[in-house]
Amino acid sequence: MRYFAAAAEVAGREEETFAVDSATVGALQDDLVARYGSGMTRVLRNGSFLVDGVVVRDRARPLGRQVDVLPPFAGG
Amino acid sequence: MTVALARISAEPIEADEVEHAVLTAADGALVTFRGVVRNADEGRGVTALDYSAHPDAERFLRESCARIAEETGLTVAALHRVGALRIGDVALVAAVAAPHRAEAFAACARLVDDIKATVPIWKRQHYTEGVSDWVGL
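Protein chains in written order, with this note's numbering: chain B, 1 to 76; chain S, 1 to 137.
Derived by calculation from the structure, the hints in this document are not laboratory data.
Heads up, the beta-carbon is just placed ideally off N, CA and C, and yes, glycines get one too.
Hints may contain errors.
What the hints assert, rightly or not - Here are the computed distance ranges between Cβ atoms for each label pair:
#1 B:A19 x S:E103: 50 to 58 Å
#2 B:R61 x S:D50: 26 to 34 Å
#3 B:G39 x S:R34: 29 to 37 Å
#4 S:D113 x B:R59: 19 to 27 Å
#5 S:A25 x B:G12: 51 to 59 Å
#6 B:R59 x S:G130: 32 to 40 Å
#7 B:E15 x S:A25: 47 to 55 Å
#8 B:G12 x S:P99: 52 to 60 Å
#9 S:D16 x B:R61: 41 to 49 Å
#10 B:Q66 x S:G130: 36 to 44 Å
#11 B:Q66 x S:A66: 18 to 26 Å
#12 B:V33 x S:A25: 52 to 60 Å
#13 S:V36 x B:D30: 34 to 42 Å
To be verified - To spell it out: a stretch of chain B is covered by chain S in this simulated footprint if at least three of its residues, at any positions, have a beta carbon under 8 Å from a beta carbon of chain S; those stretches are:
#14 2 to 15
#15 37 to 50
Next comes chain B alone, as it looks inside the complex (with noise of 0.2 Å):
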């Protein structure tokens, strides 16, 4: 896992390594959000993964051996 401004905040870290149970986004983020709470919760509200190389939302879609947590974009 690699996270990014926000998530990198609240996980206090910019990356980890760990197992999943399910290898799926759905079992990640509530995986990260039992790991970090509320402010977990609150950055993945409107965020997404970077799954090889692609923006992922979709709780079904498989996970790659490296994840990135993004926080909901705010460039512009």
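Following the hints, complete the assembly by docking chain S onto the known chain B.
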């Protein structure tokens, strides 16, 4: 339809560079958008913004430009700044050149919307009362 320029920059960005990149002798219209740091957001005073980008942000910016170039058949370009910005600093420059103004205005608006929606860039906003928070959470 071409992407003339797509770059994430830690240095101040200039509209001139983006405009020169898109403009050709066949264009009668050049529309440039500048996104500027303003001094208030949702009723609170703002003093500064810190922008940060994902390492792949430039690829997403290029893909966004390519999407709009493909969709409109026009030449487009964009620069996005990151780092510590103050009030009045330019955070984004997006430009589109076209034979006529209507299509250039429409394409530039689409480009800015697409960049905001698809490029992984974040900003932390510093408020006049001394606190700061991430925008968009």
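Hints versus structure:
no.	hint	result
1	B:A19 x S:E103: 50 to 58 Å	holds, 52 Å
2	B:R61 x S:D50: 26 to 34 Å	holds, 31 Å
3	B:G39 x S:R34: 29 to 37 Å	holds, 34 Å
4	S:D113 x B:R59: 19 to 27 Å	holds, 26 Å
5	S:A25 x B:G12: 51 to 59 Å	holds, 55 Å
6	B:R59 x S:G130: 32 to 40 Å	holds, 39 Å
7	B:E15 x S:A25: 47 to 55 Å	holds, 50 Å
8	B:G12 x S:P99: 52 to 60 Å	holds, 54 Å
9	S:D16 x B:R61: 41 to 49 Å	holds, 42 Å
10	B:Q66 x S:G130: 36 to 44 Å	holds, 37 Å
11	B:Q66 x S:A66: 18 to 26 Å	holds, 25 Å
12	B:V33 x S:A25: 52 to 60 Å	holds, 56 Å
13	S:V36 x B:D30: 34 to 42 Å	holds, 40 Å
14	2 to 15	holds (count 4)
15	37 to 50	holds (count 5)
Checked against the numbered hints given earlier, the structure satisfies every one of them.
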